[in-house]
Each structure stands twice: as structure tokens, then as C-alpha cells.
Amino acid sequence: MREHDSYGSTTMRGKRRKFDDDDPTFVKRGRIEPALQEDPDLPEEGDRWSTWDGALHGPEPRPDWVRTEYGAVDTELGMLKTGKEADVFLVRRAIPGTDKISMLAVKRYRDGDHRMFHRDAGYLEGRRVRRSREMRAMNNRTAFGKEMISGQWSAAEFGALGRLWQIGQESGLVCVPYPVQLIGTELMMEFIGDWETGEAAPRLAQVRVDQDQLADLWRQMTDALSVLARAQVAHGDLSPYNTMVHDGRLVMIDLPQIVDVIANPRGGEFIARDVRNVAGWFRSRGLETDEDALIERLHFEAGLR
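For the sequence shown, full-length UniProt numbering gives the first residue as 1, with consecutive numbering after it.
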């Protein structure tokens, strides 16, 4: 099975470990690691104080479950998914002594020395940075350039989630997790799954549904693709493995490679590839799909026709 930077339907894995470090709270290879527990700057419970203050925040109006209080505490509960480009962890953000909690999927992108860049070029077409030195470094894949690309992935995903969330709110077709915050290459977003058990929702590839439910999921998929097209973007790597189904609702995840279909000269190709990837899965389960007509419609909605 192909690895994806998603959190799928796996349950929490891994035990909590403690490390000593000069920094009272730091990320060590993909997790929150509190230092000496007697440090007065640490909360009495949990791993660290909320990092909401100082982060880039998701769009408003925010869902009421988003914890913005300075007294909130983050507790890492385990790893949800590991991938080639990022690891995803489950974090509970809560106000101690209350029932005010939010469950977050925390995606931490690997640094430039631990990522695979074999497929970056096509996705990065149409993305530009202001300084020519930085652009050269990215094109030449220097160590600094790889760090720049890694930062672009996280920023691109955060920006895409925020934009698509807002469009979804306006149209009533929310098809992505709410992006809570971004700090560096750590992206916190809505956890799609059971908040009580910490079990993530299954990926589309794992669901077993009847034909009526399958037809409803295909309708949701085409609606979601329309939301992207009207925003003039393509997912860029859409498949049944990076789409989740929670309580009958289809949710797209893993959007770091999102493509601006106007700026990227291959934008139309990315739209078509996304459609064919998911249409093939539905067709293999007995559902009739007219993918050519859908591609034509999405090209029109994106302004490519």
C-alpha cells in the first residue's frame, strides 16, 4: 500500500517519553517533549502550554471548539500516521479543570535532509519567492533550498485549507479540515475522527458502503472538486487514500502540493489526473462515472475554458 502523509484510520501509536533539554518545550523528531518537570514554566499537567499565541491562525469565524485561551495546555497522545514528507500526531488542547477541549491532528514536516524531493518540480511550477537567491537555491536543491521548499509545503497546505474552508462555509460544501494554526513547519488542524477514543476516520479506500451511499460519496466528491476548481486550484495528488469519510461526510486531506491551475502551465493536467484517480475507484465498485464530462466542467469552472 502506498504511503501517504495522512492520518488514515490508524489508531494512536507510541508511548510518551521524556527528554531533558535546555529548552523547556521543544519538538524532538516529531513530538512534543517537555524537559525537567520541575521547570516552573511548564504546566502542572500536559506537555506544554498552548502555542496559539504567536502562531498564524485559521480563518474567521472560527469554530467554537477552537481553543484560543492562553491557559490552554497541549498533551500529545500518540502518532496517527507517518509518511515520506511529514508525520501526523494527535494532540489534545484543553483548559485544565474544564470540559473545554479540542482534538487536533498535528502535521510536522520533515526537514530538508529527511524529505524526498523527487516530485517537487511539477508542483512548484507557478510558485515564486521574491528573492532570486532563494529561488536559485530551491531550483538547485541546496540544503537551504530544501528548507525553503519544506516551508513552502507547510505554508501552501495551511493557506489552501484556510481558503477552501472559507469557500466551503459560503457554499455549504466544507470538504477540508479546519486549519487551526501554523508555526514554522508544524501545522495544527481539526482532527477528523472520534474525539473520545482518538480513532481517526477511515480513508475512502477503506469504507464499505452500499450503492446508494457510494453514489452519495461520488456526489460529495464532485462537489468538492467544484469547490477546488472555483478556487482555481487542484489537489494535485487526490486519491481514495487521502480522502476520509466521517459520519457520511467526505473530507479531503493532504494538500501541501496544491496547484494553482492558472499560474501552473500544467494546471489542467492536474485537474484531470485528480478526477481520473478517484473516478477509477468509484467505477471499480460498480458506479457509473462520466469523468470526461466532469473534467470539462471543472476546467470551465476554473477558468481554463
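Hints listed in this document are in silico derivations from the structure and should not be mistaken for laboratory results. C-beta atoms are modelled at their ideal positions from N, C-alpha and C, and glycine is treated no differently. Possibly wrong hints are sitting among the right ones.
Unchecked claim - Across the chosen pairs, the derived CB separations fall in these ranges:
1) 198 <-> 170: 25 to 33 Å
2) 285 <-> 59: 32 to 40 Å
3) 60 <-> 101: 35 to 43 Å
* Please write out, lowest number first, the hints stated earlier that are contradicted by the structure. => The structure conflicts with hint 3 only, although it agrees with all the remaining ones.
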